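Enquirer: Take a look at the letters that make up each chain.
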Amino acid sequence: MVEEQKEAKPKKRMTATQAAASIGPMVKEFITGALRARAEGKQKLAYTFIVCHHEEIFRAMDVVPLWTENFAGICGAKRDAERFLQRAESLGLSRSLCTYALCGIGFDQWREELGQMPPNAPWGGQARPDFMISTGQILCDPRSKWFQASQQFMPDVPIYNIDLPYPLFQRDRDHRDVLGYYHKYIVKQLRGLVAFLEEQTGKKMDDDRLAELVDLSDRTWNLIEETYSLRKAVPCPMGTGDAMNTMVPINFMMATQTAYDFFVNLKKELEEKIAKGEGEVQEEKYRLMWGGGLPSWFALTDFNYFNSKGASFPVETTYRMVAPLDAMDLPQTKDPIEHLAWRWLGFWTFWYDRAKKRPGSEPDVERLIHWIEEYKIDGIVMHEAFSCRTWHVGLIWQLHQLAKIYKPIPVFVMGKDGKKERIYRELPSLILESDIIDITSYSEEDTRNKIDAFIETLESNRLSRAA
Amino acid sequence: MTLATYFAGIDVGSTMTKAVIVNHGIVGSIVGPTGPEQRRLANKVMEAALKKASLPFQAITCVIATGYGRINVPFADKQVTEITCHAKGISHLFPEARTIVDVGGQDVKAIRIDAKGKTVDFVMNDKCAAGSGRFIEVIADTLGVSLDEVGDLSLKSKNPAKISNICTIWAQQEVAASLAQGILVSDLLAGVHHSLADRIGRMVSRLRVEEAIIVTGGGAKNKGLLRALSEQLGHEILVPEEPLITGALGAALLGKEMAEKARENNTPLKIKERILEQIEIL
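Read top to bottom, the protein sequences are chains V and Z. Going by my numbering, 120 is the number at position 120 of the first sequence; the sequence numbering is gapless. Going by my numbering, 96 is the number at position 96 of the second sequence; the sequence numbering is gapless.
Honestly, the hints are just simulated from the structure, not real lab data. Please note that the accuracy of each hint is not assured.
[Unchecked claim] Calculated pairs, DSBU-like style, for lysine-lysine (alpha carbon to alpha carbon, straight line, at most 30 Å):
#, chain 1, residue 1, chain 2, residue 2
1, Z, Lys78, V, Lys285
2, Z, Lys223, V, Lys285
3, V, Lys12, Z, Lys78
[Said to hold, decoys possible] Taking CB as the label site, the calculated pair distances span:
#, chain 1, residue 1, chain 2, residue 2, range
4, V, Arg171, Z, Glu264, 32 to 42 Å
5, V, Leu463, Z, Arg202, 53 to 63 Å
6, V, Pro408, Z, Trp170, 39 to 49 Å
7, V, Met14, Z, Asn159, 52 to 62 Å
8, Z, Ser205, V, Thr301, 54 to 64 Å
9, V, Asp326, Z, Trp170, 50 to 60 Å
10, V, Pro165, Z, Asn159, 27 to 37 Å
11, V, Arg95, Z, Thr267, 49 to 59 Å
12, V, Leu463, Z, Ala176, 45 to 55 Å
13, Z, Ile183, V, His370, 20 to 30 Å
[Unchecked claim] Non-contacting residues of chain V with respect to chain Z, defined by C-beta distances greater than 12 Å in every case (computed):
#, residue
14, Ala39
15, Arg79
16, Asp141
17, Phe169
18, Glu198
19, Asn222
20, Thr317
21, Tyr319
22, Pro359
23, His370
24, Ala403
25, Pro428
26, Glu433
27, Phe454
28, Asn461
This one's a predicted model, so the numbers in the text were calculated from it and none came from an experiment. Heads up, the beta-carbon is just placed ideally off N, CA and C, and yes, glycines get one too.
Please build the complete structure, drawing on both the sequences and the hints.
Expert: Written out as structure tokens, the structure reads:
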């Protein structure tokens, strides 16, 4: 087998908020809590994926979700993914596949081969599941194939797949025409999941409890929206670096009181910071949007580097997997499963109507434009992670479209006749290139060189504006 | 304090180190290989440039360092990225410039500038040698052709070979195999230039390309690559007389601009005590 070496320990990222700083122990508790649950044997454990609107069902059935992408991210953040990636490669899987999946498959194979956790597994390691819930989404094939690959090493662990499609954007069609069909299909998928969990756990779904948890989630959604909107303040009290921590309750802890309370506290903290005029950076010079791409979990200190140059990130498209429910106009229903399906469709079609109103726009581009305006953005940063197609395909196209249809920066230049001319310049953008957890794709020197050049471009714009 | 009139820019690139001294125009410039030793010996390059300009180091009002090795220049007053310096240097030489393509030894950059020479947007490829000058170096070595000959030789091609591999290492093997099959060196070189131009063109198209397009860096000395790139971009291309020094020139001009601004504002120029010496990395 391959040489198994740990990489150098990463530097700790400085957080702007207390709330973000409290996330580390919370994540550790997922991992160690799952290991305790495994040892006690009272609850069933399930491998699964984020952003599927099925957490309420899991929690109502007392099933412990094991977020496999989260564990891979932890390995990456601890710079301890390489040995699992290499193990997956030695099984014949290409490095160009999703590195979350490779890391998870490598880990599973190793754990199953040993009959115990691999040596020095991050935070004690990923517990063995009782079953796996894969969730095919429109482009993310690892969400179907990952668990099938892991099942080779755990043939006794069943897989249940739920399919969660949504209508794609078509400028000349109203998505509402077909929404009903999608809704029926998703409801059927989620009811299938309930039946599978009932079979696996030997318990009957408590519909009242499910309804309570769905209500708790909805309230958390609205609270997150209110909390994150506070970041519109100048200076911005919390940036994307912190949001890469606060994504944890959004994506891994929905339908829990802990998640709700977390955002109550974060909201209070941000309000206090705004009242005191405290920003993420001491002297905010540039406001940036993280416009797409999952972060390099091993290089989150890059956000501190941006901060050191006076750049703050008031908003990000990544992991903000909520939208204001009030603005969705969801059909009323007392059936919590039906509501989950409507919410799913409402979330993914949220920007469709607005995009149709602007010629040349698309939902993802429209979201960028709205947030550029609402959060007073000076530049966009994206990350192209080579191993993830799902979240990264189309990023450059989005920037192209944005440049074509939206030019927010007025500057004055000397015209041919020697007179000052007012022109509109598009927002500068920076595309970082690396991976989510594969550190071999990353160069701190090159990345920071690009950031330096980007900051100089922003400064040049700032001076033009001032002039 | 009497303001001296000389300003220096030093560009420590991955392959070459360049130094330029200016007052009203360029009074001295030098280009030398960076190399592992030279990276810590930026002082030697500066000494050579000063010698060429017949100036003592004390005559330099401000030194700006740029390039990947800019942090290894202890006698610089300020570090500025090569993006900003190329923009400054090129807009000085070509006021009509709007797009700059810098084909360096180990990376390629495309920069869009406005009428004032300010950077509007940029893209950089630093992840793969296949899009950089290194690609041509490797292929030239495989073909036993000197870098100086590569451009002219490729222009003799009547039937450019198709190089299908985009990875430098695989392309090197493909070229070696094609050579064994009897394909002409000129055709192979033309094919390599088309392949490189294709990669650069795709990267540049991330920006909205506007004329005038200026190509700098070592790649700008290769006529074959320039022709292929011009075809790929569908625009005429302009090249500075000495394309290697535009970053260092821009750095020197930025130093001059800083000094002039300080004088206009009647504020002292923030410069540090500098000694022209090598740095100790270890």
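Enquirer: Could you check the structure against the hints above and give me the numbers of any it violates, in ascending order?
Expert: Of the numbered hints, 2, 4, 5, 8, 10, 13, 24, 25, 26, 27, 28 do not hold.
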